[in-house]
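Chemist: Next come the chains, spelled out residue by residue.
Number of protein chains: 2
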Amino acid sequence: MNTQAHLPTRNGLDLVMMTKTVEALQNDPALAQFEFRASNQWVNGGENRSTIRGFFGAGTEDDSRTEDFTFTNGEPPVLLGNNEGANPVEFLLHALAGCVTTTTVLHAAARGINIRKLSTRLSGNINLEGLLALNDEAQVGYESIRIVMDIDADCSDEELDDLLNFAKDHSPVCNTVCRPVPVMLERA
Amino acid sequence: MNTQAHLPTRNGLDLVMMTKTVEALQNDPALAQFEFRASNQWVNGGENRSTIRGFFGAGTEDDSRTEDFTFTNGEPPVLLGNNEGANPVEFLLHALAGCVTTTTVLHAAARGINIRKLSTRLSGNINLEGLLALNDEAQVGYESIRIVMDIDADCSDEELDDLLNFAKDHSPVCNTVCRPVPVMLERA
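For the record, the sequence lines run as chains E and P.
Counting from 1, position 91 in the first sequence corresponds to residue 91 in my numbering; the numbering is continuous, with no gaps.
Counting from 1, position 138 in the second sequence corresponds to residue 138 in my numbering; the numbering is continuous, with no gaps.
Hints in this document: simulated from the structure, not taken from any laboratory.
Just so you know, even glycine gets a beta-carbon here, dropped at the ideal spot from N, CA and C.
Wrong hints could be hidden among the right ones.
Stated by the list, open to error - Simulated restraints on C-beta separations:
#	chain 1	residue 1	chain 2	residue 2	range
1	E	Asn125	P	Glu143	21 to 29 Å
2	E	Thr60	P	Arg116	51 to 59 Å
3	P	Cys155	E	Ala30	41 to 49 Å
4	E	Ser156	P	Glu23	28 to 36 Å
5	P	Thr60	E	Asn82	13 to 21 Å
6	P	Met184	E	Glu61	36 to 44 Å
7	E	Thr70	P	Glu23	19 to 27 Å
8	P	Thr60	E	Pro8	31 to 39 Å
9	E	Glu61	P	Arg111	35 to 43 Å
10	P	Pro77	E	Asp28	44 to 52 Å
11	P	Lys20	E	Pro180	50 to 58 Å
12	E	Ser144	P	Thr70	20 to 28 Å
Claimed, not checked - Chain E regions said to be covered by chain P (calculated; three or more residues, Cβ under 8 Å):
#	region
13	20-32
14	121-131
As the list claims (entries may be wrong) - Away from chain E, derived, C-beta distances all over 10 Å, residues of chain P:
#	residue
15	Leu7
16	Ala58
17	Gly112
18	Ile113
19	Asn114
20	Cys155
21	Ser156
22	Glu159
23	Asp161
Could you build all of it, start to finish, from the sequences and the hints given here?
Modeler: Here it is in C-alpha cells:
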C-alpha cells in the first residue's frame, strides 16, 4: 500500500503548502520580497567559481541549506580556456531552462494539469565581435534565445499553449532576459 | 627554473592565441558567430537537470569536450523544494558573475593590466508576486542586480574604473540582462 498516494501533491508539488504560501502572500505582500545572492572568486584566465547559499525571503534569512553550492565557470579552448566548466553564457541557458520549466510545472499544478513529462532544448546566438569590441554594430549579449519544449500532460493542446504563454510571461529568469534589468557594477 | 615564465601569458590568458583569435575574426567576421545550447529534463516539482556540451563557433562544431556538463536546478523548502540544487535565479547570478569577471580579465590582458585578485558579490531583488501572478503591477524578473567587485591590479584607480565600465558594456551575460533579448518558446 502506497501511503504517498494520500498526500495532496501535483507535479511533485505539495498542494497544501502551495495554497498556504499563496494565502500568506495575499495577507502580507511584503513576504514576497526576496533577495538572492552569489559570491564569485576569479581563479585564472576564464576560470572562476561561485558560492551560493543564503538568501532573504518570506520575511526572514533562509537557513535551510547546510552547505554551499559551488559552480565553476570555464571556457573551451577556442575561447582561450581549458573547459574548466561550462561557460557563463551556457549557464544562463541552464538558468532559463530551469526557470521556464519550474514556472510551467507550478502553474500547471495550480490549474489542475498533471504533467507526465517535460524537456526543453535551448539555443542562442551570440556575435563575439561584441565581447571583443571589434564591431560597434554587433549586439554584445545573446541576439535571441529559442526554447523548444517537449511536454506531455493531461490537457488539450489549447490548454497547453495557454499554459506555456502564461509560464513565459511569469518566469523570473525569462523576464530578466526579455526585459531590460538594471545591473550596477561598483568597486568594493 | 620556471619555464612557465617564458610563455607570453597575462592574467592566465595566452597572449599569442588571443592575438591570433582577434586577427582571425578581423579577417573573417563570420567566425565570430556562435550558437550555444543546453538541453534540460524535468525531474519532479522544482527539480530539473541540464546537459551542456556542444556548441557551434569559429566556423565549426566544437568537439573539445569529452563529456557532458550537468547541472541541477532545485528550490529551497520555502519555495516548495528540497534544495536539490541552487535555483534558476541564483544560477543566473553565477552566470552574470562569471561573465563580468572573464570580460574584465580579458580586456585587462588586452590593455596590459595584470590582475592580482578579483572577486565579486552579487545580489538581486525579486518580488515573487510576479511569478505567482498575484499582482499585475509586480515586475516578474529581477528588479535590479548589484555587483560589488573587489579587484587588485597594477594600474591606477582611474584605469580600473575605465576597465570596469568597459567590461560591463562588453559582457555578453550582462548585456543579455540589462538589454531586452527576445525569447521564443514553442512546443516540439
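Chemist: None of the hints should be skipped; say for each whether it holds.
Modeler: Taking the hints in turn, this is what the structure says about them:
{"no.": "1", "hint": "Asn125(E) <-> Glu143(P): 21 to 29 Å", "in the structure": "holds, 28 Å"}
{"no.": "2", "hint": "Thr60(E) <-> Arg116(P): 51 to 59 Å", "in the structure": "violated, 38 Å"}
{"no.": "3", "hint": "Cys155(P) <-> Ala30(E): 41 to 49 Å", "in the structure": "holds, 44 Å"}
{"no.": "4", "hint": "Ser156(E) <-> Glu23(P): 28 to 36 Å", "in the structure": "violated, 56 Å"}
{"no.": "5", "hint": "Thr60(P) <-> Asn82(E): 13 to 21 Å", "in the structure": "holds, 19 Å"}
{"no.": "6", "hint": "Met184(P) <-> Glu61(E): 36 to 44 Å", "in the structure": "holds, 38 Å"}
{"no.": "7", "hint": "Thr70(E) <-> Glu23(P): 19 to 27 Å", "in the structure": "violated, 36 Å"}
{"no.": "8", "hint": "Thr60(P) <-> Pro8(E): 31 to 39 Å", "in the structure": "violated, 52 Å"}
{"no.": "9", "hint": "Glu61(E) <-> Arg111(P): 35 to 43 Å", "in the structure": "holds, 40 Å"}
{"no.": "10", "hint": "Pro77(P) <-> Asp28(E): 44 to 52 Å", "in the structure": "violated, 19 Å"}
{"no.": "11", "hint": "Lys20(P) <-> Pro180(E): 50 to 58 Å", "in the structure": "violated, 35 Å"}
{"no.": "12", "hint": "Ser144(E) <-> Thr70(P): 20 to 28 Å", "in the structure": "holds, 25 Å"}
{"no.": "13", "hint": "20-32", "in the structure": "holds (count 6)"}
{"no.": "14", "hint": "121-131", "in the structure": "holds (count 11)"}
{"no.": "15", "hint": "Leu7", "in the structure": "holds, 12 Å"}
{"no.": "16", "hint": "Ala58", "in the structure": "violated, 5 Å"}
{"no.": "17", "hint": "Gly112", "in the structure": "holds, 15 Å"}
{"no.": "18", "hint": "Ile113", "in the structure": "holds, 13 Å"}
{"no.": "19", "hint": "Asn114", "in the structure": "holds, 12 Å"}
{"no.": "20", "hint": "Cys155", "in the structure": "holds, 13 Å"}
{"no.": "21", "hint": "Ser156", "in the structure": "holds, 13 Å"}
{"no.": "22", "hint": "Glu159", "in the structure": "holds, 12 Å"}
{"no.": "23", "hint": "Asp161", "in the structure": "violated, 7 Å"}
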